[in-house]
Amino acid sequence: MASGAVERFDDKARESFESVGQTTVYRGELLRHPVYTRVLHWTVALFFFLALFTGFALYLPSLFHWITPVFGGGQLTRTLHPYFGVAFVLFFAFQVLNWLQLMLWTTADSRWMRNIKKITTGEEKMDPPETGFFNAGQKLLFWEVVCGCVLYIITGTIMWAGARTFGATAVAISYVIHDISACGRARERSAQPPSPSAT
Amino acid sequence: MADRKALQTEMISGHSGSSAGQGMQRDLEVCKLVDTTTCIGCKACEVACVEWNDMPFSPTTFDNTYQTMPETRWNFWNLIKFNEHQNPDGTIQWLMRKDQCMHCADPGCLAACPADGAIVKYANGIVDFNQENCIGCEFCVSGCPFNIPRFNPETKRVYKCTLCSDRVGEGLEPACIKACPTGCLKFGSKVDMKFIAEERAKQLRDNFGWQNAGVYDPQSVGGTHVIYVLHDATDPERYGGLPKNPQIPWTYTVWKWLFKPVLGAFALFGAVGILFHHVTNGPRVAQPEPPKKDGPNG
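Residue numbers (the working numbering), protein chains in the order written: chain A, 2 to 200; chain B, 34 to 331.
Hints in this document: simulated from the structure, not taken from any laboratory. Please read all numbers here as calculations on a predicted model, not as lab measurements. Backbone N, C-alpha and C fix where the C-beta goes; we use that ideal spot for every residue, glycine too. Wrong hints could be hidden among the right ones.
Chain B is faced by these chain A residues, among others (derived, beta-carbon under 7 Å) [claimed, not checked]:
1. Phe57
2. Leu59
3. Leu64
4. Pro70
5. Gly73
6. Gln76
7. Pro83
8. Ala88
9. Thr122
10. Ile154
11. Ile155
12. Ala162
13. Gly163
14. Ala164
15. Thr166
16. Cys184
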């Protein structure tokens, strides 16, 4: 357990890390996330990309023609998209429960954010020592996804049930909010903030 | 669905770029004129519609009126709406209006539709659904100011009146027009129908005492290809909920043509920005081991 790599984390961070799951560290490597977290993360990623590509097909007409056949045609794409979305949000909800404690904002995170320019330009090679298991950038991303998922569920349910249930105005507005939320999600996928990971 | 060879396409839903052959050929705008003042509520048009479009039987609903059912269905596109309207002086007016797709010049359903080619507007003004391309998302239902598109849960497609585009494409009048016994339904070019409608409204005003008689051709959706002559054009709501000022939700107009490309560019530039950052700043290099406070290396 006690290897040189683990000692990079301060005690507080290591304690919270231990509470997430059992970790076995082999010689020369650090296993940052337990199996449960990794399985959840890959499941979320799978349904995220399925929902993303079915959603893109419906969002942009220029993508409609070649993405929808992959999912079995326009009708099936439209049928599957909500199920992919629900699966994405559901598995992410488990991840929220898993990470909630580690994702709470601390004063160290505010200090990290004030350093954001140095960090993005690569001048600061290391996170400040008191940074916890996740740095402030990761926490911001996490909470942004949480907010996005809440919007997805509300607007998605309205659109899934349709104008006959919730009214034409609700559907017409949901459509815009759903799109904005999705574009935020698609963009931040490539904008992962630097991680303090040692591997 | 129409024989697409006979009708010139003007607008296609969810389509990038213009429609093939758009504006190549002139086509008269067609129009259906419904004179509510001479409708006798015989429902011959309802039967003709079901007959011609070969639709399965749809059970009727009795709710103490002459109306066949509360509203149109996926397999019942044409419904006479009956309304007993009480005038301020206590007299009763029995109003009958043929409810069907209005075939708007700016179709809200087409603007809302994300599926390429599921909704087309022909140069003659007919707005038609192509069920083979429909994905059943029901956005058209929320885009329509007249509450016309109807979803069939079994086929997962949306249906509505085609203005008998299959007949019109062959030079015939719609089935409902052919069945009408009183001549309350007329079909022809938009210019002609508008002229006849205005003449009839003038006649109603001058000779029959309907001071507010007029033509219903709402300009908020660019005009429609089904127009009504009403006894009182100032209050179309009384004719079974005909909207006075039908509007397409702004999200389907502003959003689709302005914000959607802007947001797409925003997402794209985000990705380009990440690439730019990677090129200029490079990836984060491995961190050096921190000095140990009490270790042998100091």
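How the hints compare with the structure:
Look at Phe57/A: its Cβ only gets to about 10 Å from chain B, farther than 7 Å, so that hint breaks. Taking 7 Å as the C-beta contact cut-off toward chain B, the hint placing Leu59/A at the interface holds, the least distance being around 5 Å. Restraint check, Leu64/A versus chain B: the minimum CB separation of about 9 Å is more than 7 Å; hint violated. Evaluation of the Pro70/A hint against chain B yields a violated restraint, the C-beta minimum of about 12 Å exceeding 7 Å.
Among the interface hints, the one on Gly73/A is violated; its C-beta lies about 11 Å from the nearest C-beta in chain B, farther than the 7 Å criterion. Restraint check, Gln76/A versus chain B: the minimum CB separation of about 5 Å is within 7 Å; hint holds. A least Cβ separation of about 10 Å between Pro83/A and chain B goes past the 7 Å threshold, and the interface hint is therefore violated. For Ala88/A, the interface hint is violated, the least distance from its beta-carbon to any beta-carbon of chain B being 19 Å, above 7 Å.
About 6 Å separates the beta-carbon of Thr122/A from the nearest beta-carbon of chain B, less than 7 Å, and the hint is met. A hinted interface residue such as Ile154/A counts as satisfied when its beta carbon comes closer than 7 Å to some beta carbon of chain B; here the least separation is about 18 Å, so the hint is violated. Because the beta carbon of Ile155/A sits about 16 Å from the nearest beta carbon in chain B, more than 7 Å, this interface hint is broken. Violation of the interface hint for Ala162/A is found here, the shortest Cβ-Cβ separation to chain B being roughly 9 Å, above the 7 Å cut-off.
Taking 7 Å as the C-beta contact cut-off toward chain B, the hint placing Gly163/A at the interface holds, the least distance being around 4 Å. Look at Ala164/A: its Cβ gets to within about 4 Å of chain B, closer than 7 Å, so that hint holds up. Annotation: interface hint on Thr166/A violated; nearest CB of chain B at approximately 10 Å, more than 7 Å. A cut of 7 Å between beta carbons decides the hint on Cys184/A: the least distance to chain B is about 5 Å, and the hint holds.
Of the numbered hints stated above, those contradicted by the structure are hints 1, 3, 4, 5, 7, 8, 10, 11, 12, 15, listed in ascending order.
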